[in-house]
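2 protein chains.
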Amino acid sequence: MSKDFLVQLCELIGQPFVLTESSDQKKYVSDWFGRASGKAIAVARPSSTQEVANIVKLCQKYQISIVPQGGNTGLVGGGLPDNSGKELVLSLERMNKVRTIDLMGKTITVDTGLILANLHQSAKEHGMEFPLTMGSQGSATIGGMLSTNAGGTSVVRYGNARDLCLGLEVVTAEGEIWNGLRTLRKNNTGYDLKDLYIGAEGTLGIITGAVLKLIPTPKVKLSALLSLESPSAAISLLEFVQNKANSQLTAFELISDTCLSLVDHYFPQYSYPFASKTPYCVLLEISDTESESHAFDLLNSILEESIEKALITDAIIPQSIMQSNRFWEIREHIPLSQVEDGKNVKHDISLPISLIPTFLEKARLLVLEAFPSARIIDFGHLGDGNIHYNVAAPLHSSPEEFMQNKATINDMIHELVHDMDGSISAEHGIGANKAHELVKFKSPIELELMRQIKNSLDPRGIFNPHKILL
Amino acid sequence: MSKDFLVQLCELIGQPFVLTESSDQKKYVSDWFGRASGKAIAVARPSSTQEVANIVKLCQKYQISIVPQGGNTGLVGGGLPDNSGKELVLSLERMNKVRTIDLMGKTITVDTGLILANLHQSAKEHGMEFPLTMGSQGSATIGGMLSTNAGGTSVVRYGNARDLCLGLEVVTAEGEIWNGLRTLRKNNTGYDLKDLYIGAEGTLGIITGAVLKLIPTPKVKLSALLSLESPSAAISLLEFVQNKANSQLTAFELISDTCLSLVDHYFPQYSYPFASKTPYCVLLEISDTESESHAFDLLNSILEESIEKALITDAIIPQSIMQSNRFWEIREHIPLSQVEDGKNVKHDISLPISLIPTFLEKARLLVLEAFPSARIIDFGHLGDGNIHYNVAAPLHSSPEEFMQNKATINDMIHELVHDMDGSISAEHGIGANKAHELVKFKSPIELELMRQIKNSLDPRGIFNPHKILL
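Those protein sequences? They're chains A and B, same order as listed.
Reading the first sequence from the start, the letters are residues 1 to 470 in our numbering.
Reading the second sequence from the start, the letters are residues 1 to 470 in our numbering.
So here's chain A without its partners, still in its complex pose:
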C-alpha cells in the first residue's frame, strides 16, 4: 500500500521531487544542529499550491501523516518526522517566489517557501523593509516563520510574525485551498482564521502563501552598547528609553557578562567591548526617519540622561554606522559561541517585563544550589520580556555529561516561569520537544479548547501529529 502511495505521489508532482533514499532525505529529517533525527516515508517537494492540495488528498486516502517543513531551522523539532518511517515530509522549498508587491499598500505577497533573507532582499530592491530579522534568516522560510509565529530582535517595535502578516493561503485537511490572501488593513467579517493558522506549527493546515506588511526603510539605524550593574537597572533603562524614544526604539537586548566573555573566548575578533567587566549590558537600536544627525542627537541625549540618572555605568556610542553594526555581530555570535562551547540546557522563556530581575535572581539561586559550578548564559529580547536562559556545564567538564541534567533543569526553570505567570516558549514554539511540558503547564481548559479546534479542522489528525498536542 505504501508502494501505491509513492507511485501516485510521483505521478502528482514528478518522481525527481519525491525523495525516498535516506541519503537524499538526510537534510530534511534531522535538524541543523543534529539534535533530533527521524525517518520519513518520503520527502515531497511540490512546486505549487495545487500540488500541495493534491498531496493532502492523496495522504487522506492512504492515511499518511504530513509534516510540513520550511527551511528546517526550527528549534523544537516541529518540522521533523518521527522515527516510524511512516510520515511524509512536505517541503515547501520549491515554492519560493515573490508573487506581487504593492508599494502603495506596503504589502508583499509571497510563496511561503521563500527564504526570509530573500524576502529582505526583495523588499530592499523596492526601497522597503520587512522588519522581522533573526539569526537563521539565510535558511528559514516565511512558512516556518509564520507557523512558529517567529520573533527576533525587532519585536519591541514591530511585533511578531503574526503582527506582520495580513493574509494567508492555506491548504486544509480536506485538501482544499483557502484563499485568504487579503491585503486589507481592516476586515471584520468573521473568525480570525489567519491568526489561528499562524503559530499552529503546521498542525491545522499548510500555509502556502502569505501577504506580509512592509515598512519604509528608516533613514538610519543606530545602536549603542550600555553597561549596567543589574537586570533591574536594565528595566529602569527600558522604561526611560521607551518614554523618550517611543517608536524609534527598535531593539532592546540584554546581554550578560558571561555571553560577552564567551564570544571573546571563541571569537577573539569580537573582544570584550568594555574596558572593565560589567555584569550586564544592553544593546539598543534607534531607527530614525528624519536624519542621521537627529538619530545621533536622540542617542546622545539618551546616554547623557541615563548616566545622570545612574541607570548605566558606561556606554559605547558608535562613531560610525559600521561600528553600530558591529555591536550586532557580537550579539549574533552569542549562539555561535555556545555551539563552540558544547551542548547546554536551553530555555526560551518570557515574563511580565517588570518581573525579569526577580526571575533572573531566583533562577540563579535555584540553578547554583543544584549545580554550584554551572555557567548561566543569559541574554535576550528584554524589550519583550523574552530571555534565552541557558545553563552550561561547569568549565573543564563534559557538556554531554551535564546534559543528563536537562530534564531536571528544564523543570526547575519552567516551574519558576510558570509560577511567575510567564511562558515556557516565548518565540520558538512547542513542536515535538516541548509537547510533554505543555500538558503540565497549560490549564486543562485551554488544552481542551485547543483539542476541540484541532479536531474540528483536522478531524483525522493528518497534519503534524504529536506536535504541540500530544
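Think of the hints as simulated: they come from the structure by calculation, not from any bench.
Possibly wrong hints are sitting among the right ones.
No distinction is drawn between identical chains; accordingly, a pair holds when it is met within one copy or between any pair of copies.
Here are the simulated DSSO-like pairs of lysine-lysine, each with C-alpha atoms no more than 30 Å apart in a straight line [what the hints assert, rightly or not]:
id, residue 1, residue 2
1, Lys124, Lys309
2, Lys213, Lys309
3, Lys244, Lys221
4, Lys26, Lys346
5, Lys442, Lys97
6, Lys440, Lys57
7, Lys124, Lys244
8, Lys442, Lys57
9, Lys39, Lys406
10, Lys213, Lys362
11, Lys442, Lys61
12, Lys244, Lys219
13, Lys3, Lys26
14, Lys213, Lys440
15, Lys454, Lys440
16, Lys57, Lys454
17, Lys39, Lys97
18, Lys61, Lys3
19, Lys86, Lys57
Please build the complex by placing chain B on the supplied structure of chain A, with the hints as guidance.
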C-alpha cells in the same frame, strides 16, 4: 419550564438583576438609533465572571440561547436578541472594574463591562494612554470593543482592538472559565485562542476580562486640515506623509465636501472650514514624544512640501492645540449630522488602499446612474483603506422612502467592493444585519472552516445564534 429557568436565574444572581418587564428591558433590546428591536426572555446583569459561568451552565440545562451585550452601541445588531422572546440578554455592564495596572509592563487588566471612556480616564490618571478611540466611547464597553475588533481613528498607527489586547478571560459554552489573562508580549505555546475570541461577536464565548496595552502619553498631538482635489491626491499625500512622519502619523481621515457641508448645515458652529469649496479634505494627526515645537516643525514641513508637490490646494494649520482639537469635533459631527439629516444607506467597507480612488469613482457612477439625485456622504479612515460610504436620499425627498432602496444599494456597493478584493465590513462586524450578505461574499471554504470552529467551541449553539453565521 421558562418559569423554572427564571426562578433559578434569580437565585444565581439576585432578582433585582434579572429584568423581565419590557419597560426595564427596553434599552437592552433595541439599539441606540432605534433601528432594530427584539424581545428577550430576560436581561441578566451578573456581577462576576463566576456568575456569568453559572448563567451559561443554567442556560445549557434549559437550552436557552445567550446574547452577550456590552454598551449596546453596535451597528450591526450583534448584541440584540431576536424577536422570539426566548433568548437571554447577558449584559456585562455591572462588571466594570479596572482590576490591575502594570505601569512598567504598560498593561491594564479590566472587567469587560468597563466603558471605554472610563478606561481612557484610568490610563490618563497614570500618565498613560489607551489609543483606541471612537465616537461611541462614552457608552461602548471593552467587551463590545473586543468582540467586534473595533477600529476607530488611530488604527493607522496602533491597530485595531485585537492589536491592543494581550490576554483574555472567557467563559466557554460549557460554563467553564478560561483564564488567558496574560500580560506577555511574546508567548508561542499553542493556538491563538485570544484572537479567535476577539472579533467573534459573542458567538464562541463570553469575554469577561481582558489585558490591554497602554502607551506612554505623547507630549503633543497636532492635527491639520488639508484640502485636495481628489481621493487620488489623498492617496499620494498618504504615501508622502507615511514616509516622512512614519509612526508619528496617528490619524489620516478622508472627508468629502458633502460631509463638511452637512456639518455646516446642521451644526453652524462648525462652519465650512475652508474659504472655498473643496471636493475632499484630509484630517491628519501627528503625535510627538519630543516636544510641541518638534511636532509643529514636522507638520509645517509636511504642509510646505505637500504644497510644493501640488498634493494639496490649501491647508489649515492649527494656531493652538485647541484649534487642533476642533478639527476633530468637525469630524465627529459628521455622523451626528447624518442622524439629523435622516436615515441613509450605510456601508463600512475597506479596500487595498491604492484602489480607493478607483472604488470611489466607480461607486459614484453606479449610484448616480441608478439614483441620479442621491447624495453620497463619504468619509473614513483612509490610512487603513476604510471608508464609510453612505448614500442619502435626494434633497427635499423622504429619507424613509429612499430607504426602500437599501438592499439594492447595499448589493451594488458590496458587489463592487467584493470584485475589488475588499471587505464588506471593515470595523463594525457582521452581527445579525450582514449575516445574509456574508453567505454571498465569503468563499464556501472559509464559511465551512468558520462553521467547524463554531461547532467545536459551541456545539449546541448557545452563544448568539444567527449572528455572523446564519
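Comparing the hints with the structure gives:
For the identical chains of this complex, Lys124 and Lys309 are inter-copy neighbours only, at 25 Å across copies versus 39 Å inside a copy, given an alpha-carbon limit of 30 Å. Taking the shortest Cα distances, Lys213 and Lys309 sit within 30 Å of each other only across copies (27 Å), while inside one copy they are farther apart (38 Å). Proximity of Lys244 and Lys221 under a CA criterion of 30 Å is satisfied in both settings, with 16 Å inside one chain copy and 16 Å between copies. Taking CA atoms no more than 30 Å apart as the test, Lys26 paired with Lys346 passes inside one copy only; the shortest distance there is 25 Å, against 59 Å between copies.
In this homomeric assembly, Lys442 and Lys97 come within 30 Å of each other (Cα to Cα) only across copies, at 27 Å, whereas the closest approach inside a single copy is 38 Å. Taking the shortest Cα distances, Lys440 and Lys57 sit within 30 Å of each other only across copies (27 Å), while inside one copy they are farther apart (35 Å). When the C-alpha separation of Lys124 and Lys244 is checked against a cutoff of 30 Å, the pair qualifies both within a copy, at 29 Å, and between copies, at 18 Å. For a Cα distance limit of 30 Å, the shortest separation of Lys442 from Lys57 across copies, 23 Å, qualifies, whereas the shortest one inside one copy, 33 Å, does not.
Taking the shortest Cα distances, Lys39 and Lys406 sit within 30 Å of each other inside one copy (25 Å), while across copies they are farther apart (61 Å). Taking CA atoms no more than 30 Å apart as the test, Lys213 paired with Lys362 passes between copies only; the shortest distance there is 27 Å, against 39 Å inside one copy. Proximity of Lys442 and Lys61 under a CA criterion of 30 Å is satisfied inter-copy only: 28 Å between copies versus 34 Å inside one chain copy. Taking the shortest alpha-carbon separations for Lys244 and Lys219, both the intra-copy value of 19 Å and the inter-copy value of 10 Å come in at or below 30 Å.
Taking the shortest alpha-carbon separations for Lys3 and Lys26, only the intra-copy value of 21 Å comes in at or below 30 Å, while the best inter-copy value is 68 Å. Proximity of Lys213 to Lys440 under the C-alpha cut-off of 30 Å is restricted to the inter-copy arrangement: shortest distance 28 Å between copies versus 36 Å within a copy. In this assembly of identical chains, Lys454 and Lys440 lie within 30 Å of each other by CA distance both inside one copy and across copies; the values are 19 Å within and 27 Å between. For a Cα distance limit of 30 Å, the shortest separation of Lys57 from Lys454 qualifies both inside one copy, at 18 Å, and across copies, at 24 Å.
With identical chains, the CA atoms of Lys39 and Lys97 are at most 30 Å apart within one copy only, with a shortest distance of 29 Å there and 55 Å across copies. For the identical chains of this complex, Lys61 and Lys3 are intra-copy neighbours only, at 14 Å inside a copy versus 52 Å across copies, given an alpha-carbon limit of 30 Å. Taking CA atoms no more than 30 Å apart as the test, Lys86 paired with Lys57 passes inside one copy only; the shortest distance there is 16 Å, against 44 Å between copies.
In this structure, every one of the numbered hints holds.
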